[in-house]
Amino acid sequence: MNGSAKLLVILVDETDNWEDMPLYEAICRKLVQLNAPGATVQAGIMGYGSHGHLHRKRLFGVPDDRPISISVVDDESNLRTRLIPAIKPMVTEGLMFLTDVEVLT
Amino acid sequence: MNGSAKLLVILVDETDNWEDMPLYEAICRKLVQLNAPGATVQAGIMGYGSHGHLHRKRLFGVPDDRPISISVVDDESNLRTRLIPAIKPMVTEGLMFLTDVEVLT
Amino acid sequence: MNGSAKLLVILVDETDNWEDMPLYEAICRKLVQLNAPGATVQAGIMGYGSHGHLHRKRLFGVPDDRPISISVVDDESNLRTRLIPAIKPMVTEGLMFLTDVEVLT
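Residue numbers (my numbering), protein chains in the order written: chain Y, 1 to 105; chain W, 1001 to 1105; chain G, 2001 to 2105.
Simulated from the structure, these hints should not be mistaken for lab results. Wrong hints could be hidden among the right ones.
In silico contact screen, one side only, chain G against chain Y (beta carbon under 10 Å); selected entries [what the hints assert, rightly or not]:
1) 2001
2) 2003
3) 2004
4) 2006
5) 2008
6) 2045
7) 2068
8) 2088
9) 2091
10) 2095
11) 2103
12) 2104
Where chain W lies over chain Y, by a calculated footprint (3+ residues, C-beta under 8 Å) [as the list claims (entries may be wrong)]:
13) 71–83
14) 95–101
Residues from chain W shown here face chain G by an in silico Cβ test under 10 Å; the list is partial [what the hints assert, rightly or not]:
15) 1034
16) 1043
17) 1049
18) 1091
Each residue gets a CB set at the ideal place from its N, CA and C atoms; glycine is no exception.
Turn these sequences into a full structure, and let the hints guide you.
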């Protein structure tokens, strides 16, 4: 995967659920299932706005409702044709975005 | 906000203050006031350099001086004409940068 | 460093070692030694894939094997000629990538 690729970032809330588990865990399991090359999940210490969509002024989240980011670096074609179509329906209130990256190793 | 947008990242220290509150909290309050669509605040586990400007070798921050990142995705025009002019005067020692993103949802 | 620059992101595991210390700490010390303008280290709450390379299904890391990201913003030339050549040999199983940024302050 050296060279031109894309970073996909998915922002959700820690309390969002999908079926019987946290949404961010469901997204990770889906990424594994689809053989995405890897994923990194980070939790924020505060956030608001349901990550870009809702204008709820729920500022300064309590510890059990942290903003969660899931990051995946992969080839653009695999992201657009396989990973994003599978993940997008799960992210109803979050934010998903892509950015260009150059993979060095 | 689907399509072309910008990610603004602001790096400050947890111990930086603005008036009577932590700087990162003051920045979040300003973003809410200006109706930025959302913000995510993450704390690092170590850092140095006052995030790009000072060459203090204060490596490996103690727990109460973590590096803090504040991320906002918004239209470029709203960022450049409203958000950045309001936030930039507050970030005297930190680092602010923009990157291109493609918003998917 | 205002204007066009690059963000370097290095993803490793918390348990990766380099000589007698954690790899992420060794990378930070190297960055300081080379006068990189700053670095931010963040720990994730879960991850898999050895960050893009191995397809081990070691999903949902335990607290002592968190994914670690190290971020550095610098001029492209300094990154390509000095920092990346020094860091790359240390990152045998992780992921390193560059993205374009516009530094505002």
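Could you work out which of the previously given hints the structure breaks and list their numbers from low to high?
1, 2, 3, 11, 12, 13, 15
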